[in-house]
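Q: This is what each chain is made of:
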Amino acid sequence: MASILKVDSLTGVTTAGSISVTGEGNSTTTNLQQGLCKTWLSYNHDTPAVRDSFNVASVTDAATGQFRPSYSNNMASVNYAAYGTAQNSGTVRLATGSDIYSTSASDYFVRYNNSGTDTAYDYDKVTAAVNGDLA
Amino acid sequence: MASELRVNTLKDASGNNSIATSFVAGGSAKAWAKYGMDDATIDDSLNLASITDNGTGDFTNSWSSSFGTINYANLANCNIGAGNSNFNKQDFYTPLVGSVRLYTTFHNGSSDSGTGTAYDFQFVSLLAHGDLA
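Read top to bottom, the protein sequences are chains H and Y.
Using the working numbering, you'd call the opening residue of the first sequence number 1 and step up by one each time.
Using the working numbering, you'd call the opening residue of the second sequence number 1 and step up by one each time.
So that you can see chain Y by itself, here it is in the shape it has in the complex (with noise of 0.2 Å):
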């Protein structure tokens, strides 16, 4: 059965380590997601309804569950795998409170140092928190 729970702390048995509700709600992360943007597969995801591929470098990311507002944090880490020397990139969001658009480029080492180049990634790891609507 069903059962719901009302309480502004919690604590451990003995009284000790005090969390109020509000932490464990505002602290966890309300989307979290690993993908291959070479293959468009979700590898595993948190509130994560689908990815759209717009193009090279360039996806977007649907909420199941939207945000409150557009102001939530959001961080990516893309990678193409071991042993490439050449791994920097940039990311950059355009949130709304259903999606946000991650756009990925490959720079070739630290001689690179203009827009690089828009890049599918192998792997992508992205997160958000703040409020859920």
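Just chain H, with the same shape it has in the complex (with noise of 0.2 Å):
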């Protein structure tokens, strides 16, 4: 029988934090607060624009190629995993390499090159996503 929780928040009863959720496979576990991806973001950068995002309070234009999301929920520590990709929709010039990481709590870097002329560029379209553990 179908069911539905209709529910805000979600807790955990041992700790507030942690509440498993069973594996697809259902032999093991993941932890539901852990697995969830706590930013993302689709970021214009040519001419700066936060198209759509998850969990960004602002982003700093640092300079070409770079620029700074912070959170508008920090994380716990610097110490979370950060990704992203670059790409331009006129001219399809792609990144030629990124240099994405954590900074602090409340923000992290973002970096590309162009790759034809492995300069700093900005692109137009940028996302990026970051997975750890919030404040």
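By construction, these hints were calculated from the structure, which means they are not laboratory data.
Virtual Cβ for every residue (Gly too), placed ideally from N, Cα, C.
Worth double-checking, as some hints may not be accurate.
[Unchecked claim] Pulled a few chain Y residues facing chain H out of the computed Cβ check, cut under 8 Å: (1) A2; (2) D12; (3) G26; (4) S28; (5) W32; (6) K34; (7) G36; (8) D131.
Both chains are sitting in their own frames, so use the hints and assemble them into the complex.
A: See the structure below:
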């Protein structure tokens, strides 16, 4: 029988910040809170604008090819995993290399180079995401 | 007291923002980690039992809970740190249900279009999505 749970907040019983979810193969579990993506961002760095986001308070345009998204709800520490990709829609110029890493509990750093010239470049389609522990 | 809730769908208290619990399980990252290849130290992680240094730019990441098949998705991002202009690299994987091997190479600008140089990066962000066993 199908079931629906209506709730605004999920909290663990034994530990408030830890809820186990049974894995797809039914033989192991994963942690709900730790498995959730804590922030994601779709960003136009060419004409700086946030297309859509989750848990992003603001984005600081640091320099050509460089920006820093800050969190609405901060991470617990600097030790989290950050990833991203960049693309230019007009010339299909993929980023040569990405330089994305955690800089603090309140923001992280994103940098890209142009694949043609290997110089800093403001891509218009940048995505970034973070996994880790919230404060 | 531990408790178990079996439910197909989650909604907010107003009955909106519905999401099937299959999306909660299927959409959650099954592993992530931040570690340094240079010092072979795990800073923080989910479902990463250990890392093994096989050589420069070559690390095996062993899961605490294995995946159901080898057909899971991996993503990695490797960095040296701020202020370094030569940060190109390539990452290759050999997934097993219990581990994945990460190879990283350093490329010195766009002029280096070859295989690059194996390199132990200071910052490694690793992510895995898929079905657990």
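Q: Which numbered hints are broken by the structure, listed smallest first?
A: Of the numbered hints, just 7 does not hold.
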